Structure formats: C-alpha cells, structure tokens
Amino acid sequence: MTDGRGSLIWYRDVVLRAFGSRAEIRSFTPPLLRPVGIAHARRPLTRAARAFIAHARHNVPVREPAR
Numbered sequence: 108m109t110d111g112r113g114s115l116i117w118y119r120d121v122v123l124r125a126f127g128s129r130a131e132i133r134s135f136t137p138p139l140l141r142p143v144g145i146a147h148a149r150r151p152l153t154r155a156a157r158a159f160i161a162h163a164r165h166n167v168p169v170r171e172p173a174r
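Numbered according to this note's numbering, the sequence shown spans residues 108 to 174.
No lab work stands behind these hints, which were simulated from the structure alone. A few of these clues could be false.
What the hints assert, rightly or not - The following label-pair restraints were derived from C-beta to C-beta distances:
1. Arg150 <-> Ser128: 29 to 39 Å
2. Asn166 <-> Arg129: 15 to 25 Å
3. Gly127 <-> Arg149: 28 to 38 Å
All figures in this text were calculated on a predicted structure; none of them were measured in a lab. By construction, the Cβ of each residue, glycine as well, lies at the ideal position given by its N, Cα and C atoms.
Using the sequences and the hints, build the whole thing.
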C-alpha cells in the first residue's frame, strides 16, 4: 500500500495505528454508512490479498454471503 500500488477502505483509527504518517489518509464526506464487502475472482489470491482478507475477518465482524 505505501509503495503506491494499492488502496484501502478501513476504520481511520486502525489505519493510523498501522501506517501513521507513511500513508495519506482521507475521510469520506459524507461519511460512509453502508456495509462494505470484498469480491474477488475465483482463482488463487496473492499472498497480500489473502493476508488482507484474513486480517479483515479477524478484526471486523463478518457476515458470510449465502451460498
């Protein structure tokens, strides 16, 4: 992310703790008030993508989609 090749929608306080001044942090105006989901292709994910999803599942309440 901090090398200019990514973006992230996350809770501001979590991003500040993780990246501090190493990343530009912007707020949504008006604030984002809807649930956000993750969608991806049905193929093996990169290590970074797997780590992101694992982190999200561990730190944010997740409601898995119906199958």
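Results of checking the hints against the structure:
1. Under the hint 29 to 39 Å, the C-beta atoms of Arg150 and Ser128, about 35 Å apart, fit the expected range.
2. Range check, Asn166 to Arg129: about 19 Å between beta-carbon atoms, so the 15 to 25 Å window is met.
3. Between Gly127 and Arg149 the CB atoms are about 36 Å apart, so this pair conforms to the stated range of 28 to 38 Å.
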